[in-house]
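Peer 1: This is what each chain is made of:
2 protein chains.
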Amino acid sequence: MNLMLLEKNDFTGPGRVIIFGRRFDHVKNVLQAGIGESLSCGIVNGKMGTGRIMAVHSDSLEMDISLEIEPPEPLPLTLVLALPRPKMLKRIFESVTSLGVKEIYLINSWRVEKSFWQSPVLEARELEKYLRLGLEQSKDTMMPRIHQKRFFTKFVKQELPVIGKDSFCMTAHPKTSNICPMGVNKKTCLVIGPEGGFIDLEIKTLEESGFTTYNIGQRILRVETATTFLISRLFAWG
Amino acid sequence: MNLMLLEKNDFTGPGRVIIFGRRFDHVKNVLQAGIGESLSCGIVNGKMGTGRIMAVHSDSLEMDISLEIEPPEPLPLTLVLALPRPKMLKRIFESVTSLGVKEIYLINSWRVEKSFWQSPVLEARELEKYLRLGLEQSKDTMMPRIHQKRFFTKFVKQELPVIGKDSFCMTAHPKTSNICPMGVNKKTCLVIGPEGGFIDLEIKTLEESGFTTYNIGQRILRVETATTFLISRLFAWG
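Chains as they are written, first to last, in numbering that gives the first Met the number 0: chain A, 0 to 237; chain B, 0 to 237.
The set of hints was computed from the structure by calculation and includes no laboratory data. Treat the hints with care, as some may be off.
Remember, identical chains collapse to one label, so a pair may be satisfied in a single copy or spanning two.
[Claimed, not checked] Below, in silico cross-link-like pairs of lysine to any residue (SDA-like), each with a Cα-Cα straight-line distance of 25 Å or less:
| no. | residue 1 | residue 2 |
| --- | --- | --- |
| 1 | Lys86 | Leu132 |
| 2 | Lys113 | Ile215 |
| 3 | Lys174 | Met0 |
| 4 | Lys101 | Arg15 |
| 5 | Lys128 | Ile64 |
| 6 | Lys86 | Gly14 |
| 7 | Lys86 | Ser118 |
| 8 | Lys153 | Val120 |
Being a predicted model, the structure only gives us computed values, none of them experimental.
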């Protein structure tokens, strides 16, 4: 936790918060911070700044909060992911949030196991946990928006062309000779398939919607590795 | 499993193997391949090719093996990692192996928890499991070599300058204004610190051994995300 994420209902008065639970435990046990010390803080979907610890109780702490800094720039990327298995999805939520992704579409595809759509990870309260971890990791406050699309063809034909308008549109796919460019650095819409890849018909549908296939060399990567790999590659950073 | 990794003791005769356990289960349940079908195979630290299924028994299968292809080029990278927590280390072993890394040094550092060094993941038999998963994922046969170094200063002062000779030598570190280059594409030695980062004295020792600090933008990433991110960024691929 490099930044403590605050919510409106943490506030007990103007500029004063009280923190319980996971965040309190982290300050006490990991950061081992006490009265008078300052922590990076930020309010969900708002400004960032510092919190000065004013009181520590047995199960909570109170801080005076001053928030004046804008959160970091979002990445100009829309990520479209064939729904991965729940355990991997949690880690992907955390990692892509830490990388600054703000728009994530989870879509169905032939090789997505139907049971994945029943996972509790897809419930708003649950998935928010992992998004929060990503924001706290990379000192950001702007929550990504997660969209769930159960109908591949309808989504790719009707919605995706609108989502990808004025963007560099690509599907990551091992079976192509186009090599994924580096440092594109413009608005990008990146589609990543399931373990085992998209089937040919899906690739064709994506191509008809303006999504060209690109590979990242001869190595086939797991979805979570490929996702970070591609995001790193597509933007200049720093 | 995009390639089945074979060992000498799988062979029952010249060009014939018998496969039990995890690999058999994968062929039966995931690939659902039967007699006459061919699978990508490779022998540990040797050539790759195909295996044709000749017989399927209740708990095993037999294949005729033909190995004529060289494994993919290794990545010209030596990765030096402050020992991460065991759960993360498993995933890092798998992901960096799938990316083609062949030399990995696990080192101690001020912020590495002592208990991590007692983890069973560090035993040869156990860590090999995760390296194998990485090779099977990315169709490779060449096992990475894992080196464990418990004495930071001794390692960085005496061994690291030799390991990094004729290489681009860098330490990933958020607190620097040097931006990590893209597509360096030469022999590289990359040092990545623990969660919480190296302490100043460690950074100084690394600098004295020729390792300049570079950052990857204002976002602080978890070690496993940073590792894939940096490897993607440093090489041209494709």
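Peer 1: Could you tell me which of the numbered hints above are not met by this structure, giving the numbers in increasing order?
Peer 2: Going through the list in order, the structure violates hints 2, 4, 6 and respects the others.
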